[in-house]
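Participant: Following the numbering used here, the numbering of the sequence shown begins with 951 at its first residue and continues without gaps.
Label-pair restraints from in silico Cβ distances:
id	residue 1	residue 2	range
1	HIS1055	LEU1106	19 to 27 Å
2	THR1018	GLY1085	28 to 36 Å
3	VAL1100	ALA1019	18 to 26 Å
4	SER1061	SER1021	16 to 24 Å
5	VAL1031	ARG1084	19 to 27 Å
Honestly, the hints are just simulated from the structure, not real lab data. Here a beta-carbon is modelled for each residue, glycine too, at the ideal position from N, C-alpha and C.
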Amino acid sequence: MPIAARRLAIVAAVLATAFSCSESADTGLEQPDASASAPDAAAWMSPHDAGAPTLGVISVADLHSVLTANSKDFLLINVHVPFEGDLPGTDRDLPYSDVDGLAAHLGSDLSVRAVVYCKTNHMSTSAGAALVARGYRAIRYLDGGMNAWVAAGHPLAP
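All chains should be modelled from the sequences, with the hints used to inform the complete structure.
Facilitator: What follows is the structure, given as structure tokens:
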């Protein structure tokens, strides 16, 4: 395969991954079970024990349930830049591109539980995938981000 064609294929694959809105099994993202009742924090945030770590996803409804039940036992990190507000319960605001800063905040325990979010999904999936690539096993992103949170009728933090 010529170098130009190989580069084009790589760029196409990266763009397809970065901007994909599909929820196919090929993405490596865990999809929430819409039929399940609101999970407790331990259930949906348990680290992956088998195989390679994958970036997980949490729905707005599930995150809202955990936050309103005061059962949050994970880090909630806003990775959106520029800053446009926080969800209630946000622990930290760090740019999605500062993977070293995110990893430093998470610490050396690769089973630390965290949800990253941004305004949509682009920045949070980028940050989450980078953390998973470093070996973190319990990283989730908020499906739809702050836009989906607000669309569901939930307020941003004051």
